[in-house]
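Colleague: So you can see what is in the structure, the chains are spelled out below.
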Amino acid sequence: MVSSVILVPALLNGLMTGAVYALVALGLTLIYGVLHIINFAHGALLTAALFAAFFANKLLGIDPYVAALFLAPLFFGIGYALQRFVIGPAAHGEDRNILLVTLGLAVMIENALLYAFRADTRTINLSYAFDVVEIGNSFLAVPRVVAFGVVVAIAALLWFAMRWTDTGKAIRAVAKEKLGAELSGINVAHIYAVTFGLGTACLAVTACLLIPTYYINPHAGNAFVLIAFTIVVLGGMGSVAGAMLGGLFVGVVESFSGLYLGESLGQIGIFVMFILVLLFRPSGLFGERA
Amino acid sequence: MPEPFLSVSELHTGYGVTEILRGVSLAVQPGEVVAVLGSNGTGKSTLNRTISGVMRSWRGAIRFDGVPIERKKPSDIVAAGLIHVPEGRRIFPNMTVRENLDLGAYRRNRTRRTPSRDRVFGIFPRLAERQSQQAGTLSGGEQQMLAIGRGLMADPRLLILDEPSLGLSPLLVEELFALIRTIAAQGIALLLVEQNVAQSLEVAQRGYVLDNGRVVLEGSADAIGNDPNLKRTYLGM
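Keeping their order, the protein sequence lines are chains C and L. Numbers 1 to 290, taken from the working numbering, label the letters of the first sequence in order. Numbers 291 to 527, taken from the working numbering, label the letters of the second sequence in order.
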């Protein structure tokens, strides 16, 4: 048995990693829950956001945490426009078309990034990247603690917005009862685009939280989105709370499997658990029964 | 004669290549209650969906209050005061009665919500009692009242009620038609689409009978009710 001196830091580190996964999954599950589509462009958009955060720092000298303040609205706008003017019109109301359009977008974005920046892996250097804080017996990297705090704050903000604002209520209305929402005067095309924009804005924030400690290349986003897909299924498709809890859970599973199986096998734990959940609880750990 | 409040002329539409409406024309005057009758599958719901903009028309014109609306978005048609309470209620089950009602006033100024809500509660006192209850837990009759109440929140000038009595017990149907009279008495024009022929013709001033995507009979409610062809041919009775 491993002592608590190792277990507690592993748990905390798992939660920190999980928070970032949760934010990627939050965007994905939001889009799935409202538009009922799986956004295959999610990974490519995360990669694009990583490049945006990278160049904001390299060229303009902007700290990634400051960059989040304007990259989030910028990517909200990009997501809104993509859904409203590209994905929505190209889909002609057919879900299978949407699937292909988002897949096509992913290929286009990734190859454009590959063309512009080549396959090189890049990193940025920040003075605080290796700072640690001591909590109990655990030493935690400052950027990871910041990421955890920001993700929890965003999830709380989103939860309140969904419950108490008109737009939030309209999003929930469209998610559950599209025709009823349309006939209540809610512009469904607009709500779809707002939702897609919110999902994309989550990616911009994720990118800014990742870039201090993570490398980027034109495929960097995909690793996260694969895990985010498993979280969305674990948490129950379309469930915001499920994405949050599922993300944290997956982070901890990864951390513990890394501890017991060795660092390089850490992610195996996630997919073993994923298969078990699909076998025994196909509606997800926290999802509503269909 | 002045232009009708709502006019549908030579409307054609359908799904894919299947034509459902084959040239439907009808009119509603301000404050008038008009019944649209016909058995299942004659195009009644398709007509409503096309008027409210959820379905696109293939050919023909729809004018509301002097403005062509056949190319407008559903949300803009709602904002103009033409409200469609759909078949099957389509309420938001995961939200409270009050949230459902407030979403009905989504396109209007927030300050108008309280007076509108009070008016709806005046007509449907039971909704007032159940304000903070989840809409999905209401009984079928209460859900139908909520659906109509949500439609009233938009301050309609014309309300389309699509099969409001469907699935309700005879006692509740009585109650529902009494409420429909109350709404009509407030000066709101009604397009009442029903399978319940006798009661609809009692409330309505005029009516249309649809069969196979065409209007096969129109006239005053009395004339339609007494038409020997009505029951035999078009309503399958």
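Worth flagging that the hints you see were computed from the coordinates, not collected in a lab. Given the structure is predicted, the values throughout are model-derived calculations rather than measurements. Mixed in with the good hints there might be a few duds.
Ranges between beta-carbon positions, derived for each pair [to be verified]:
(1) Q424(L) to R118(C): 51 to 59 angstroms
(2) V86(C) to A513(L): 31 to 39 angstroms
(3) G412(L) to V66(C): 35 to 43 angstroms
(4) P282(C) to A513(L): 52 to 60 angstroms
(5) V357(L) to L157(C): 38 to 46 angstroms
(6) E465(L) to P282(C): 57 to 65 angstroms
(7) D355(L) to R281(C): 52 to 60 angstroms
(8) W164(C) to L456(L): 54 to 62 angstroms
(9) V357(L) to R281(C): 49 to 57 angstroms
(10) S459(L) to L74(C): 51 to 59 angstroms
(11) V66(C) to R361(L): 22 to 30 angstroms
Computed footprint of chain L on chain C, listed as stretches where at least three residues anywhere in the stretch have a Cβ under 8 angstroms from a Cβ of chain L [to be verified]:
(12) 234-248
(13) 256-269
By construction, the Cβ of each residue, glycine as well, lies at the ideal position given by its N, Cα and C atoms.
Colleague: All the hints need checking, so say for each whether the structure fits it.
Modeller: Evaluation of the provided hints:
Hint check: Q424(L) to R118(C), Cβ distance near 55 angstroms, so the stated range 51 to 59 angstroms holds. Between V86(C) and A513(L) the CB atoms are about 54 angstroms apart, so this pair departs from the stated range of 31 to 39 angstroms. Against the hinted window of 35 to 43 angstroms, the Cβ-Cβ separation of G412(L) and V66(C) comes to about 54 angstroms, which falls outside the hint. A hinted range of 52 to 60 angstroms for the beta carbons of P282(C) and A513(L) is consistent with their spacing of about 59 angstroms.
The given range of 38 to 46 angstroms is respected by V357(L) and L157(C), whose C-beta atoms sit roughly 41 angstroms from each other. In this structure, E465(L) and P282(C) break the distance hint of 57 to 65 angstroms, their C-beta atoms being roughly 43 angstroms apart. For the hinted restraint 52 to 60 angstroms between D355(L) and R281(C), the CB-CB distance of approximately 54 angstroms keeps it satisfied. Distance hint for W164(C) and L456(L): a CB-CB separation of about 34 angstroms, inconsistent with the stated range 54 to 62 angstroms.
Between V357(L) and R281(C) the beta carbon distance is about 53 angstroms. The supplied range of 49 to 57 angstroms therefore holds. A hinted range of 51 to 59 angstroms for the beta carbons of S459(L) and L74(C) is consistent with their spacing of about 56 angstroms. With their beta carbons about 46 angstroms apart, V66(C) and R361(L) fall outside the hinted range of 22 to 30 angstroms. Proximity of the stretch 234-248 of chain C to chain L, defined as three or more residues with a beta carbon under 8 angstroms from a beta carbon of that chain, is not established by the 0 residues found.
Counting residues of the stretch 256-269 of chain C whose beta-carbon sits less than 8 angstroms from any beta-carbon of chain L gives 0, not enough to reach three: the coverage restraint is violated.
In this structure, the hints that do not hold are numbers 2, 3, 6, 8, 11, 12, 13, in rising order.
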